[in-house]
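Quick mapping for you: the protein sequence lines, in order, are chains A and B. The opening position of the first sequence corresponds to residue 5 in our numbering, with each subsequent residue numbered one higher. The opening position of the second sequence corresponds to residue 375 in our numbering, with each subsequent residue numbered one higher.
Just so you know, not all the hints are guaranteed correct.
Unchecked claim - No more than 25 angstroms apart at the CA atoms, straight line, and that leaves these computed lysine to any residue pairs for SDA-like:
(1) A:Lys93 <-> A:Lys9
(2) B:Lys821 <-> B:Gly807
(3) B:Lys849 <-> A:Ala27
(4) B:Lys765 <-> A:Ile178
(5) A:Lys9 <-> B:Lys428
(6) B:Lys801 <-> A:Ala27
Claimed, not checked - Taking CB as the label site, the calculated pair distances span:
(7) A:Asn92 <-> B:Gly863: 13 to 23 angstroms
(8) A:Asn92 <-> B:Ser936: 22 to 32 angstroms
(9) A:Asn92 <-> B:Ala578: 47 to 57 angstroms
What the hints contain is simulated information worked out from the structure, not anything from laboratory work. From the three backbone atoms N, C-alpha and C, an ideal C-beta is built for every residue, glycine too.
The lines below spell out each chain.
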Amino acid sequence: MKNSKMHLSTETMNLGFVRKVEALSGSSVRRCFQCGKCSAGCPMRTFMEHPPNRIVRLLQLGQYERVLAGRSIWYCASCETCSTRCPNKVDLAAIMDALRKLSWDADGPSKESLVQLANRLFIENIKTYGRQYEMRLAAAFNLRSGKLLKDFMLGPKLLTKGKLKMFHQKNRNISEIERIFSRIEEMRKKGEAP
Amino acid sequence: MSRIGVFVCHCGENISRTVDVERVAAEIGKLPGVALATDYKYMCSDPGQGLLKKAIAEHRLDGLVVAACSPRMHEKTFRNAAKAAGLNPFLCEMANIREHCSWVHEDREEATAKAIDIVRLMVERVKKDKALQPITVPITKRALVIGGGIAGIQAALDIADCGHQVLLVEREPSIGGHMAQLSETFPTLDCSQCIMTPKMVDVANHPNITLHTWSEIENVDGYIGNFQVTIRKKARSVDMDKCTGCGVCMAKCPQKKIKSTFDRGLGTRPAIYVPFPQAVPNTPVIDRENCTYFKSGKCGVCAKVCGPGAVDYDQQDELITEPVGAIVVATGFELYTINEKPKGSPIKGYGEFGHGTIPDVIDGMTFERLASASGPTGGKILRPSDGREPKQVVFVQCVGSRAREKGISYCSKVCCMYTAKHTMLYKHKVHDGQAYVFFMDARTPGKSYDEFWRRAVEEEEAVYIRGMVSRLYQKGDKIVVMGSDISVGVQVEIEADLVVLATAVQPRQGADALAQKLGISYDTYNFYSEAHAKLKPVECATAGIYLAGACQGPKDIPDTVSQASAAAAKVMTLFSRDQLEREPIVARVNERNCVACFYCKKVCPYGAVEEKEIRDRQGNLVRVVAYVNPGVCGGCGTCQATCPSKSVELEGYTDEQVMAMIEAL
């Protein structure tokens, strides 16, 4: 996929997807003229198979499968160095956010990626407890990902320092949290929220 | 005994870095006849010139040697300084110890010794210099403009508006040039015809402009202020005085299928034609190669239908000779031919682009005709092959340009902008179409230019792909474009309906031949050379000849118009004087020795040698000798070298002076 030939036509260029990205991120994709400054300063560049500038370039050509197939968007640390320094006011950090969102919605190939899993469990925890319950997050993640012993040895250390609690501490205003979630759900149904 | 002053310049460090300037001055000071030898950091500066002026008065100097840079650089400066101090300027000479010595040597000892030699030679020469008076020649205040495109039109109008007579010579049947072919112009997208045709009409109606269309320059004689130009008025086969421009002849001509060069072969025209409806003059011309009457002697329809009887099959080429004082060369450009390789030319074509074999692969100018409201499709973008509206159009930039292997290493300057314009014109006419552009760089230096290009990308949604196209080939009714997006690093393939190649800008064919007639220089591509790339961008090295437009190098319309007006200003500067002062470095004939062999006449490249009759008081012819017309003489010295009786000498370079220089070595 990464190196295969691109056949460009109005059918193969999904410009609708690009417009969605632009709407979600509030940033123009077309404005980029490929100076490469985003990639030059990106701290995560070495981990990405598509550097940030190429992500924008692929978007300009409507090649969303190539963007979503890669792991670049998940390696982005949202440090916003790219957005801060871009000479053309392309908000790449926001575009990355939008891409992660769309990747999720599109049942993209990275839906089952570990980052996605972690994000999902994180949100589920918030929904259930009204705050984060790290012990459950770690346990659930290790079980679901199949990496049972991942970061296992960190546990005791964190426990002794009080950074990790054995039992959850429920938020007293859990009903407020529930209202937030249901409101977002409501807005989504009406199409007011992405 | 002479009293020569020698002034040795450091030129900052340019000379003093390798030449021991003080030692040069000291050594030269010892020579007989040298009254003063001194050095200074910058002789050309105001204090340096002051030093020179003061010394002339104080030391009663009768000759100067300035040991500094090339005479091309500052001879005029120091001669003016000498003149201001009351010394004849031709008694001041330059000894070039910079270009000829310090810049080309490293060893300080040897360079200093050479510098001393150079200065010593010049001292000997100056001792034998004579005070000369400048030659004045009259100026014919009439200009010739060669080429009736936008450059020639602008220059002609500016000069004519200033009150001087202008001859405008155009090779084609109508003025207008390439600009008349364009649809819209960047970066404002105003219609080319709408801004061009009023200017064409202005030319036709201007009382100071004489228009010679369908004419070419046959010969140019003379020099600045006094050129004699022979113009070949090609046989039009139509009497321009009688023709009313009604167009009946064109409508009735049975030959209708001749491909129109103006429409880049997309449309057709009759054998008797005007290139386009807005032509100036609106007088048709008979294309004798394709006319049935000229081919077989039968037909003659145009002559029969012509009311005023203007058609004249017997018309012959006419040669006219006109005196002019200045010449503006504005012969413009032509487009690189993608497949054809002209014989003997270093320029190569691109077989891989299939231009000429695939009908829907066209060049940029052809696209202009497709987009033009007055074009063969009435402004509709239609494929040449089947007349269908193309939905995917691929534009390829830098075809020919910036391709050393193909013989052109320069950037053609206008293609980035006109391709951006093409994508916009296409989008405006085909709303559901998609334009792709393969480019290496987008070069948009100009007012509102980059914004224009960005508009094509951001608002008109042209897809720009950085990378050159490898090959084009026909597949069914599509053209497969094989390219690469180097930003992504993958190959790209597009099945296009139409491919437009942005071809390089080249000088006109025959530009070199015209340059030889005019005596102006040109570069390896046949673009005409300006006298100085920065400080004399519109003047030729040949005095009295000026350049405007793309004949000097690829140029867009704003730059062309600016240069044309600049050339006009130079012509007007020349015409603001009644007489012209010339350097008196000319050949003189010793009439007593001349044996009238006229070898000098044969070798003179300027045609300055005349035969002069010497008569006694009764008017009897005594003998004939050679005479050099000082107004025409270019001071090259060829006659001096040729003369078997040593009767011709070039002022300032006499045999005596040259011998004295050799002996001083």
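If you draw a straight line from the CA of Lys801 of chain B to the CA of Ala27 of chain A, is it 25 angstroms or shorter?
-> holds, 23 angstroms
Does Gly807 of chain B lie within 25 angstroms of Lys821 of chain B when you go C-alpha to C-alpha?
-> violated, 29 angstroms
Take the C-alpha atoms of Lys93 of chain A and Lys9 of chain A, compute the straight-line distance between them, and say whether it is at most 25 angstroms.
-> Outside the cut-off at roughly 30 angstroms; violated.
For the range 13 to 23 angstroms, tell me whether the beta carbons of Asn92 of chain A and Gly863 of chain B fit it or not.
-> Since Asn92 of chain A and Gly863 of chain B have Cβ atoms about 21 angstroms apart, the given range 13 to 23 angstroms holds.
Regarding the pair Lys9 of chain A and Lys428 of chain B, is the alpha-carbon distance no greater than 25 angstroms?
-> Roughly 79 angstroms between the alpha carbons, so the hint for Lys9 of chain A and Lys428 of chain B is violated.
Taken at face value, is the distance from the CA of Ile178 of chain A to the CA of Lys765 of chain B at most 25 angstroms?
-> With Cα atoms ~57 angstroms apart, Lys765 of chain B and Ile178 of chain A exceed 25 angstroms; violated.
Could you see if the CB distance from Asn92 of chain A to Ala578 of chain B stays within 47 to 57 angstroms?
-> holds, 49 angstroms
Are Asn92 of chain A and Ser936 of chain B spaced within 22 to 32 angstroms by their CB atoms?
-> Holds - the Cβ-Cβ distance for Asn92 of chain A and Ser936 of chain B, about 31 angstroms, lies within 22 to 32 angstroms.
Verify the proposed pairing of Lys849 of chain B with Ala27 of chain A, using a straight-line Cα cut of 25 angstroms.
-> violated, 38 angstroms
Hints 1, 2, 3, 4, 5 from the earlier list are contradicted by this structure; the remaining hints agree with it.
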